[in-house]
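Colleague: Here are the chains, one letter per residue:
Number of protein chains: 2
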Amino acid sequence: MISKKKKFVPAWSDEAPPAGSYRSVFKLGAPYRFKHPSDAWYEMLKEQLGMNDEDFQHKHHEGRRPVAVKQKPRLSTVQIQRFVDIVGRENVAVDDFSRVRFSYGKTVEETLELRYGHVRHVADAVVHPRDKHDVRRIIGYCHEQKIPVYGYGGGSSVTLGIRPVHGGIVLVLSTHMNRVLEVNEKNQTARVQPGCMGPAYEEALNHAAARFGTRFNYTGGHFPQSFEISTVGGWVVTLGAGQASTYYGDIYDLVVSQEYVTPAGTFTTPDFPAAAIGPRVNDIMKGSEGAFGILVEVILKIFRHLPQNRRCFAFMFADWQAAADAGREISQGQFGLPAVFRISDADETEIGLKLYRFNDTILDRAISWMGYKPGRRCLCLATAEGQRAFTRNVKKQIRKICRRHGALPLTGIPVRRWEKTRYSEPLMRDDLQDYGIIIDTLETAVTWDNFHRLHEGVRTYIKARPHTICMAHASHFYPQGTNLYFIFIMHADDLQEYQQFQRVIFDKILQYGGSLSHHHGIGKMMAPWLEKQLGREQLAVLQALKRHFDPHNIMNPGALLAPGEAPSHESPAGKNS
Amino acid sequence: MISKKKKFVPAWSDEAPPAGSYRSVFKLGAPYRFKHPSDAWYEMLKEQLGMNDEDFQHKHHEGRRPVAVKQKPRLSTVQIQRFVDIVGRENVAVDDFSRVRFSYGKTVEETLELRYGHVRHVADAVVHPRDKHDVRRIIGYCHEQKIPVYGYGGGSSVTLGIRPVHGGIVLVLSTHMNRVLEVNEKNQTARVQPGCMGPAYEEALNHAAARFGTRFNYTGGHFPQSFEISTVGGWVVTLGAGQASTYYGDIYDLVVSQEYVTPAGTFTTPDFPAAAIGPRVNDIMKGSEGAFGILVEVILKIFRHLPQNRRCFAFMFADWQAAADAGREISQGQFGLPAVFRISDADETEIGLKLYRFNDTILDRAISWMGYKPGRRCLCLATAEGQRAFTRNVKKQIRKICRRHGALPLTGIPVRRWEKTRYSEPLMRDDLQDYGIIIDTLETAVTWDNFHRLHEGVRTYIKARPHTICMAHASHFYPQGTNLYFIFIMHADDLQEYQQFQRVIFDKILQYGGSLSHHHGIGKMMAPWLEKQLGREQLAVLQALKRHFDPHNIMNPGALLAPGEAPSHESPAGKNS
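Residue numbers (the working numbering), protein chains in the order written: chain A, 256 to 832; chain B, 256 to 832.
Just so you know, these hints were derived from the structure itself, not from any lab.
Owing to the predicted nature of the structure, the values given are computational and were not obtained by experimental measurement.
Careful, some of the hints might be misleading.
Pairs count within a copy or across copies, as identical chains cannot be separated in the list.
[As the list claims (entries may be wrong)] Restricting the straight-line Cα-Cα distance to at most 30 Å, the calculated cross-link-like pairs of lysine-lysine (DSS-like) are:
(1) 651 x 441
(2) 718 x 441
(3) 325 x 763
(4) 655 x 441
Using the sequences and the hints given, assemble the complete structure.
Modeller: Below is the structure:
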């Protein structure tokens with residue numbers, strides 16, 4: 256049917272989704288932002304997924320229909336009216352579109368549901384609190400009435416973090432509670448409302464001198480891939496790690512103090528730079544995923560903004576072992592840490608080079624000729640940030656170590672390319688799903704002595720599925736270990752089949768000694784595996800905290816395996832402690 | 256009476272305390288180790304404390320009598336026998352001396368009690384578990400029988416951390432459970448038993464190549480003042496911070512994973528380098544002061560041992576404001592952090608110079624002439640550790656910042672002098688107490704914007720007491736703040752008066768916005784202030800954890816304000832939440 260003469264290009268979508276449609280809920284990024292696969296990527300996809308041009312003739316399940324909800328609100332009109340009394344009529348919504356829009360995150364599972372028009376779990380009402388006092392009144396009322404409460408920041412959860420499994424209300428924190436309240440230059444901290452989006456936060460800090468009258472400008476140092484579509488509060492409650500966390504620390508390191516509204520009361524944790532006054536409630540609240548209460552204000556560490564000292568550099572390693580050895584040595588080198596440090600395994604390296612249209616260039620052939628062969632070679636991207644002589648030395652020491660491990664320096668160009676697209680790459684997901692291709696990711700943390708075993712174990716399982724792409728990188732480095740971020744791509748329109756596949760990956764991660772999550776939390780997606788990860792005794796500690804903060808189980812029920820809570824997913828087959 | 260011709264020197268004690276005596280319990284350091292005040296110090300003491308040679312004619316309350324306990328053991332012979340069955344006869348003691356020896360820490364309060372021969376709180380039996388399985392059996396039995404259990408490491412607590420307020424048993428962890436079990440070079444960690452003493456731990460790491468067959472030698476990076484008389488486990492459960500913590504981190508940062516035996520079960524926390532799987536039980540257990548369970552094994556971060564790259568440097572600042580400003584700028588400078596960084600306020604500077612016999616030398620007069628006047632000038636000591644070029648740059652940047660703040664570089668000699676005596680200085684306490692002089696310390700953490708207010712507020716209160724010395728230093732630096740370590744010296748033989756004085760200092764620390772403790776915990780001494788510090792809601796979180804781990808309140812009752820537990824001290828006058 257298709258002419259063999261003319262090169263076929265799929266009709267990647269370039270239209271903003273219809274207003275009020277399912278597609279407008281699951282679309283990644285702003286309505287008019289798109290990122291299409293390159294020709295080389297398209298060819299690679301067909302080859303590796305066992306597809307051909309025919310498969311890209313027609314889109315399926317684009318989700319262009321208007322959102323329609325079958326589930327009737329379970330809240331009474333009296334209850335709805337009470338929320339209206341608290342926040343004002345304009346800040347309560349019960350229409351179908353609002354209910355769905357603010358009940359859905361960005362998991363593959365959720366996007367497929369929306370594409371099929373099958374709304375599985377939806378809140379009964381959407382409430383936009385104006386300030387923390389509103390939140391306090393709302394939580395007080397919900398506690399009294401036993402109405403479930405789910406927090407919504409940027410809606411970027413890929414772990415079913417939002418999913419309102421019992422109905423109730425969604426509290427949207429990004430509508431009004433989205434400001435940087437204060438920059439305290441002396442303490443080098445910023446006081447922020449939870450709904451502040453990543454770019455707004457960083458922008459305010461980068462211009463602190465003008466906006467807050469500080470002497471210097473600052474950076475938050477936190478740049479997760481979801482940066483453009485996630486909130487400061489979301490980072491905190493899911494324990495996010497930004498792409499420069501190797502230097503700046505992850506959000507666990509960055510949070511100095513928090514104010515929470517919980518059914519068991521409202522409190523602000525102390526902002527001491529350190530203390531020895533028993534277990535730290537401040538740390539207990541981090542990563543609590545809305546299961547204990549709502550974060551209404553947070554004080555974060557900030558850093559002098561020194562873009563002029565930034566150094567970018569890249570290397571090609573002959574293989575994965577060499578790249579990992581160098582990464583470990585750098586992390587343990589005691590000369591300070593790089594900001595970004597990222598090693599891609601052989602598969603990701605090749606696919607990445609295709610994405611950047613590098614492969615089959617003269618340079619590619621030259622590198623290959625020098626011994627950095629496709630299928631084995633591994634790309635490494637790095638940056639150094641901080642004071643000028645510090646970044647110079649970090650770069651110098653890293654280059655020395657990488658060379659000792661046989662790496663070829665590649666200048667800073669690959670890093671700058673990566674930086675240009677690092678936030679927009681996920682946008683490709685919508686294009687791929689239009690043709691029944693699922694792209695998804697899972698991340699895990701692992702000690703150095705277990706690194707290769709985990710990488711190989713999980714990869715082997717994923718690649719055992721025919722026509723399935725698996726690539727991985729490590730991108731957050733610690734002296735004691737690193738993370739592994741797996742990306743897998745497959746042709747699989749069937750949600751059930753996909754979920755079954757995904758569940759076994761969780762099992763494999765645990766089996767090979769990885770953490771269920773390195774950053775962005777476990778949500779309701781991985782909560783059923785938590786006991787297997789932590790053991791009965793440690794899960795019981797979290798349950799005791801849950802009982803304390805939220806005796807009626809109204810705060811994001813299903814998250815962190817609330818006591819007596821039936822998980823929204825089936826439990827994993829085998830449990831042990 | 257005393258000849259004015261011949262200079263009088265008090266007869267500082269140079270004898271080992273009699274075996275079995277009270278003195279042998281409270282004496283700091285090994286029996287034959289002493290550190291006497293210098294002549295200049297002696298003159299300074301007399302002048303500032305309003306004393307004269309007469310006051311140093313006779314020693315009082317030396318505690319040379321044999322220990323005798325009035326309290327009868329409350330444990331039955333059946334119960335004692337059960338402990339014998341578990342650990343063997345040689346590992347259970349019920350004699351008076353053992354009971355007192357392992358029931359006492361090193362607070363002023365405890366040493367005075369021992370000097371008077373007034374044993375206030377004492378355990379009924381002392382048990383030396385051989386391994387973690389013994390601990391498990393013991394805790395199981397104590398839970399069943401509701402027998403209180405107190406952990407004992409090095410006995411260096413200065414917060415009534417041990418004090419067995421309800422009798423029961425003391426578990427001595429340093430007798431058998433004192434080994435470095437493993438050095439994992441790949442993960443750069445050491446697995447250690449809790450009773451391992453500081454020097455044994457550091458020694459094992461410094462010789463890891465020979466002892467564990469590693470490629471490199473390592474350091475633990477943790478050097479609290481109590482280093483020689485404290486244990487790894489003690490550091491962890493009291494949240495210790497070593498003198499090089501500005502670079503290496505405090506124990507909260509250093510602990511990767513822990514194994515605990517609690518009445519609610521035994522568990523080992525995961526050793527992932529990072530994770531986003533909810534609140535971290537590993538962190539919840541740190542600083543739990545034995546109130547949740549007994550730490551039986553811990554995995555700590557270690558660091559390449561690079562003494563050849565170490566740099567020492569010192570400065571004199573014209574005043575406290577300049578020293579603090581420089582300290583803050585250094586902490587926020589993003590060129591890496593110094594290992595030791597320590598600024599002494601004007602009083603501590605002068606007293607320190609006296610201790611080192613520096614004052615009134617030609618050099619002293621020269622420095623004074625240059626504008627660094629006694630009574631205003633502040634000494635700063637620093638070291639840098641790590642990779643060679645890194646330490647060179649840290650030193651260079653610090654020197655630049657200090658100079659900008661008008662400081663005079665003093666070479667590395669003062670640092671080396673300080674290092675020689677840093678562990679032995681506390682030994683002077685016994686000499687002073689022999690003549691009714693109390694020397695005590697309190698430490699607090701504070702944000703930069705509150706630093707001077709707290710320093711001035713606490714100092715003003717202490718110095719308002721006639722003939723009382725108050726000196727302070729900041730010695731753990733963070734971008735967000737620092738600690739303040741207050742040392743006060745007074746002539747006060749009366750325990751009650753002293754306690755009253757101390758209690759108001761706690762109030763003042765809270766009033767001026769400091770933490771109750773920066774390192775080494777709150778013990779039973781400060782636990783009554785915890786609600787005032789944290790507020791009712793956050794105290795309730797700790798109480799919920801306590802109830803979970805230890806429903807019968809047998810684990811170090813009185814620590815961390817167990818629910819329903821009457822504090823062993825009177826509560827502070829005013830409480831708020």
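Colleague: Compare the structure with each hint and give your call.
Modeller: Do the hints match the structure? See the list:
1. 651 x 441: between (32 Å within a copy, 23 Å between copies)
2. 718 x 441: Answer is between; shortest inter-copy Cα gap is 28 Å, intra-copy 52 Å.
3. 325 x 763: neither (37 Å within a copy, 61 Å between copies)
4. 655 x 441: For residue 655 and residue 441, only the inter-copy Cα distance (20 Å) is at most 30 Å; the intra-copy one is 37 Å.
Violated hints amount to a single one, hint 3; each of the other numbered hints is respected by the structure.
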